[in-house]
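Chemist: Put together the whole structure using the sequences plus the hints.
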Amino acid sequence: MDPSHGPASHHNETGNAVERTDSRSTWAQFLSWLECVCVVTFDLELGQAIELVYPHDAKLTEKEKTSICYLSFPDSYSGCLGDTQFSFRFRQSIGRNSPDFGEDAYDRDAPVTLQRDLGHFYGYVYFRQVKDVSVKRGYFQKSLVLVSRLPYVHLFHTLLRIIAPEYFEKLEPCLEAVCNEIDQWPSPVPGLTLNLPVMGTVLQVRIPSKSDKPGGSPTKHAPKELLLPVPTLLPTIHELDLFKCFQSALIHLQVLWELTLLGEPLVVMAPSPTMSSEIVLALVSSIAPLKYCSDYRPYFTIHDSEFREYTTRTQAPPNVILGVTNPFFIKTFQSWPHIVRLGDPRMAGDLPKQVKVKKLAKLKTLDTKPGIYTAYKTFLQKDKILIKRLLKGIQRKRPSEVQSAILRRHLLELTQSFIIPLERYMASLMPLQRSVTPWKTPPQIRPFSQEEFMATLEHAGPHLTSMLKGDWMGLYRRFFRSPNFDGWYRLRRREMTQKLESLHLEAVCDADLVGWTKDKSEVEVVDLVLKLSEKLTKAHRQQLSVREGAVDQLEGCVQIIAAALPEDLQNVLHRHRP
Numbered sequence: 000m001d002p003s004h005g006p007a008s009h010h011n012e013t014g015n016a017v018e019r020t021d022s023r024s025t026w027a028q029f030l031s032w033l034e035c036v037c038v039v040t041f042d043l044e045l046g047q048a049i050e051l052v053y054p055h056d057a058k059l060t061e062k063e064k065t066s067i068c069y070l071s072f073p074d075s076y077s078g079c080l081g082d083t084q085f086s087f088r089f090r091q092s093i094g095r096n097s098p099d100f101g102e103d104a105y106d107r108d109a110p111v112t113l114q115r116d117l118g119h120f121y122g123y124v125y126f127r128q129v130k131d132v133s134v135k136r137g138y139f140q141k142s143l144v145l146v147s148r149l150p151y152v153h154l155f156h157t158l159l160r161i162i163a164p165e166y167f168e169k170l171e172p173c174l175e176a177v178c179n180e181i182d183q184w185p186s187p188v189p190g191l192t193l194n195l196p197v198m199g200t201v202l203q204v205r206i207p208s209k210s211d212k213p214g215g216s217p218t219k220h221a222p223k224e225l226l227l228p229v230p231t232l233l234p235t236i237h238e239l240d241l242f243k244c245f246q247s248a249l250i251h252l253q254v255l256w257e258l259t260l261l262g263e264p265l266v267v268m269a270p271s272p273t274m275s276s277e278i279v280l281a282l283v284s285s286i287a288p289l290k291y292c293s294d295y296r297p298y299f300t301i302h303d304s305e306f307r308e309y310t311t312r313t314q315a316p317p318n319v320i321l322g323v324t325n326p327f328f329i330k331t332f333q334s335w336p337h338i339v340r341l342g343d344p345r346m347a348g349d350l351p352k353q354v355k356v357k358k359l360a361k362l363k364t365l366d367t368k369p370g371i372y373t374a375y376k377t378f379l380q381k382d383k384i385l386i387k388r389l390l391k392g393i394q395r396k397r398p399s400e401v402q403s404a405i406l407r408r409h410l411l412e413l414t415q416s417f418i419i420p421l422e423r424y425m426a427s428l429m430p431l432q433r434s435v436t437p438w439k440t441p442p443q444i445r446p447f448s449q450e451e452f453m454a455t456l457e458h459a460g461p462h463l464t465s466m467l468k469g470d471w472m473g474l475y476r477r478f479f480r481s482p483n484f485d486g487w488y489r490l491r492r493r494e495m496t497q498k499l500e501s502l503h504l505e506a507v508c509d510a511d512l513v514g515w516t517k518d519k520s521e522v523e524v525v526d527l528v529l530k531l532s533e534k535l536t537k538a539h540r541q542q543l544s545v546r547e548g549a550v551d552q553l554e555g556c557v558q559i560i561a562a563a564l565p566e567d568l569q570n571v572l573h574r575h576r577p
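Counting in numbering that gives the first Met the number 0, the sequence shown runs from 0 upward without gaps.
For the record, the hints were derived by calculation from the structure and aren't laboratory data.
Hints may contain errors.
[Said to hold, decoys possible] Listed next, with one range per pair, are the computed distances between beta-carbon atoms:
1) Gln333 <-> Leu390: 32 to 38 Å
2) Gln183 <-> Ile301: 36 to 42 Å
3) Pro430 <-> Phe306: 43 to 49 Å
4) Gln333 <-> Pro430: 49 to 55 Å
5) Lys519 <-> Gln432: 23 to 29 Å
6) Pro430 <-> Gln569: 34 to 40 Å
7) Val356 <-> Lys212: 53 to 59 Å
8) Thr112 <-> His458: 53 to 59 Å
9) His573 <-> Glu50: 35 to 41 Å
10) Arg476 <-> Glu422: 15 to 21 Å
11) Gly199 <-> Gly118: 32 to 38 Å
12) Gly214 <-> Phe139: 23 to 29 Å
Just so you know, even glycine gets a beta-carbon here, dropped at the ideal spot from N, CA and C.
Modeler: This is the structure:
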């Protein structure tokens, strides 16, 4: 079935519909999108409490439930009346078994920034607070929370806008129906356009793929005429309105990009969890396609399980980005090197009032004015042409999505200018293909030398693709000490190692193995069969990318060689082969 033509359905081998039961095994499709849906309410005796989890047998630990409770309500300082949407991220409990998503074909083909998070959950919140005389406190306060391992912030908040208002009117039966609909969705497959029906609406989305051109807009949608109702097209599943997020700090984009690139400890103080979570997520996405490899919390509270770990003064602040709304944090984070304090966006004439960079000494415990409190000096000069273009766009009332597209392209080109010389140098560390032979173990990748890399910058540096002037070499030296470099390097080295394994496997497939065994002792032949069997097992486990039919060819060859051995040795092989 083509997943772009509607939902998948559950059938047994005879083609008959399988009867649903509320057991975890029947929720395979649901789990490919969400871990669970929670309803958090305010209990006069208990405070914030989980009222409902769906599916009912969702395996959340007590610590995870506590995190969801405290992170699903804005703190009292935010004064959020009406409906509020925001996001949070929290650490999974140690020892939790990650579900098997099929070793993970999704992660293999998804951009690194959109892979499943196996150490954290994302929470997407729709919070409602309205006056209600029938409640003792005088207010109805409840949150509907989608918990997922996927960073699909735009898709899940769109989904919440459809289901939350209905849920608050009709309660649990409505939620059960929605979860059953989600369990009929096709799994998210990178590169495919999917139709996702929910409550009479069909959301049409494209799941980004690793093979997409960065900054491109591959919008091949399924034919509309086949579907009723006509699908609602979502242009993105994960991108934010960057212009809205950064509108009061446009002139300091270079500072924010560099702090994020370098994985510096950064606190974002905002008047609401909506603003804090959007800005933290925007910062993390500003260095795409590079993955932000430190921890980040779009909304962080004093009840967070990592509060003590992240606020201790006995050691240097950790490499994390925290979004907070409680003024108490101003005192707590006084020792942090970079604090972004934002107020409600205000206009100065036609333009959003821009915050200023201020000295950390001016950070007051109470009534701190908006600003970027840091002693950091950028390595690169700000792009004045970009700033003028964006400010002119505001005066001409250019749509926010167009402004965001300009901003996103600038950040993408800046990150690519920085990362391309690293990618080019890393590729030069790969052994030549002709050095890969079937009779020797794969050659080693040369070690990364910072000084050798620096020497390449004169003729192949960022100046080839970026007009920005400044101390690029100083920025690279600082980047080498950051968690983002460590994460990038480990990922690239792993990919290169797998490429070498694939090339070696293909070289082995092309070799005359049967001919080689003709004049070899039985011990040598048994040793060869065991080594080849181990190599095949590794190829299956790592899903090595080799030409079609190569693995089958090698498996057939191994069987021929093994079959020529005496029966007693075949029995030994049978016991020892992986």
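Chemist: Can you give the numbers of the hints that this structure goes against, from lowest to highest?
Modeler: 7, 8, 9 and 12
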